[in-house]
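This is what each chain is made of:
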Amino acid sequence: MKIDALELNFHQLNNKIKECQDEKIKIVNCCGHRYLASGSSSKIIEIEGVPGNALGCYLDGSEIFVNNNVQDATGDTMNDGGIYIYGMAGDATGYAMRGGEILIHGDIGYRAGIHMKEYQDKKPVIVVGGTAGSFLGEYQAGGIIVVLGLNCENKIPVGNFCGVGMHGGKIFLRSDVRPKNLSDKVVCKIADEGDLNDIKDIINKFCNIFNESYEQVMSKSFYVITPNSNSPYKQLYTMN
Amino acid sequence: MLKEGQFRNLSGCAISGIFSKDGTAIKGDKIIKSIKIMHDRSNGLGGGFAGYGIYPEYKDNYAFHVFYDSLKSKKECEEFLDRHFEIVNLSKIPTKKVASITDEPLIWRYFVNPLPHKLVDSQLEEREFVCRCVNKVNTFIDGAYIFSSGKNMGVFKAVGYPEDVGEFYRLDEYEGYCWTAHGRYPTNTPGWWGGAHPFALLDYSVVHNGEISSYDANRRYIEMFGYKCNLLTDTEVITYIFDYLLRRKKLTPKESSLVVSAPFWSTIDKLPQNEKEQLTYLRNMFSGLLITGPFSIILGYEGGMMALNDRLKLRSMVVGEKDNMVYIASEESAIRVIEPNLDKIWSPKGGEAVIVELNK
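Residue numbers (the numbering used here), protein chains in the order written: chain S, 343 to 582; chain B, 25 to 384.
Hints in this document: simulated from the structure, not taken from any laboratory. Source: prediction; values computed, not measured. Glycine included, every Cβ here is placed at the ideal spot set by N, Cα and C. Treat the hints with care, as some may be off.
[To be verified] Computed cross-link-like contacts, DSSO-like style, restricted to lysine-lysine with a CA-CA straight-line distance of at most 27 angstroms:
1. B:K98 / B:K121
2. B:K142 / B:K57
3. B:K57 / S:K344
4. S:K527 / B:K373
[What the hints assert, rightly or not] Some but not every residue of chain S turned toward chain B, in silico, with C-beta under 10 angstroms:
5. V412
6. D433
7. S476
From just these sequences and the hints, can you work out the full model?
Next comes the structure, spelled out in structure tokens:
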């Protein structure tokens, strides 16, 4: 089913998505409509235009394909499913994400994957084709974030304060240069074969969806950042 | 009524700006369309616009836009204006009845020039003289508020959703080279006509999404130089900070951005020597003007526009370009709705000023 969003507000558009019996839905003329497909579990949604904030929040199994850019807080607290973005993404993408995957072909804003977590079989994944802003994986507690830095002019594809407050999960940065200025609360090393096994499948999927060469992506070295268990956050602020 | 600052309640707003680098006139309905798409970011308790280049026929006069609570305050203010200025033209600002806009004050516009002998006697530079007069009216004349005082520019604001405010002021009848807009969600402070954005002094106007944690430190500092934060809203102090840094201290817009949104010392430490020296100097010299807390702002000034985020980038902002036009907004949708085919779109980093000026 095709839904024209032009004359609809976000509430009306979301209701149409919820009421729609078809598995496949295409939304055209989307412009700033918020919370699209929130909590949705069994649909495949294609979006033309720029969806509003919190696209796919609480998503629970549906797949969303966006042909353009997305705004802030995409996949906020999503639980399952996938969001695939051909353009770039705004700030706080994957905020508190707890399952599923978000793949972005372009760049991503500040605070991607902030408060991301994992539990048993729930392991959220974010893959960024371009570069990421500062505070990537801030307070990350689980899951995997990969930044590929494709077509990136900077040597290091991430901003300042990467992994600040991190206490679980992994961040992979595809780079020849070791990221600078990391906190002593994280450790950073060149990813070995075992580490890379964690991301091979998802990178393959990324390359298939966005038409990139898997060999070329994997030809460069990856740094992997994990919490530093030798330097825990003990008494960081106060005795208690 | 309890006004701004007399009680506290957190914030979310929308901002948008359009700038034509070659000076091509942009009609006011365009900025209304842009800010309207972000309707849900505001709650109907404040909307406003600033237009630059809108009064070409009076471009050498200061354009005062004034709210009056009563005829008494109007009389008192006009007596003050008569004593200090030559009034070239005065009129009600044309408005249109809009169902959602109610309780409007009296809204008047005056095109003025300082009386030459008053200016000479004051021993002040002309703009400083005008600035002090505006301050005096806003502080000492009860119920009168000059909310716009620049040349060839004007602020239009009210309590209401921004698209309704734009219709109320008939902005489709104005055209200029630059427009900024604001949709308000007042959460710290109540919504009232004077508390809507933009906040303006002379040709500087500010629209702001966010909340300044350093407000009181900034206020105490800036009040040492004669500014009066008599509206007690955080945005007001940003306008005065830019007036102080740009007009009085003659900093460039870029330098002023490095004062209010200064990089962390840990970031400065790692920069090349000359940059490190400059940033250290600015941070030390104007330490009281560092603004902390989340913000995205658009500053309008004669011939230019600057967009700036707090250094942690706690509020969203995107910039788009198409030929000679530059668009800045809280959300990409607000740009796409007026220009679907952009040459370029990006998100500036925290503390990275985006400055556009008229082509020379």
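These are the hints, each one checked on the structure:
1. B:K98 / B:K121: holds (22 angstroms)
2. B:K142 / B:K57: Violated - the C-alpha atoms of K57 of chain B and K142 of chain B are around 44 angstroms apart, more than 27 angstroms.
3. B:K57 / S:K344: holds (26 angstroms)
4. S:K527 / B:K373: Given pair K527 of chain S, K373 of chain B holds - Cα atoms ~25 angstroms apart, limit 27 angstroms.
5. V412: holds (8 angstroms)
6. D433: holds (6 angstroms)
7. S476: At about 7 angstroms, which falls below the 10 angstroms cut-off, the nearest Cβ of chain B leaves the hint on S476 of chain S intact, so it holds.
In summary, the one numbered hint that this structure violates is 2.
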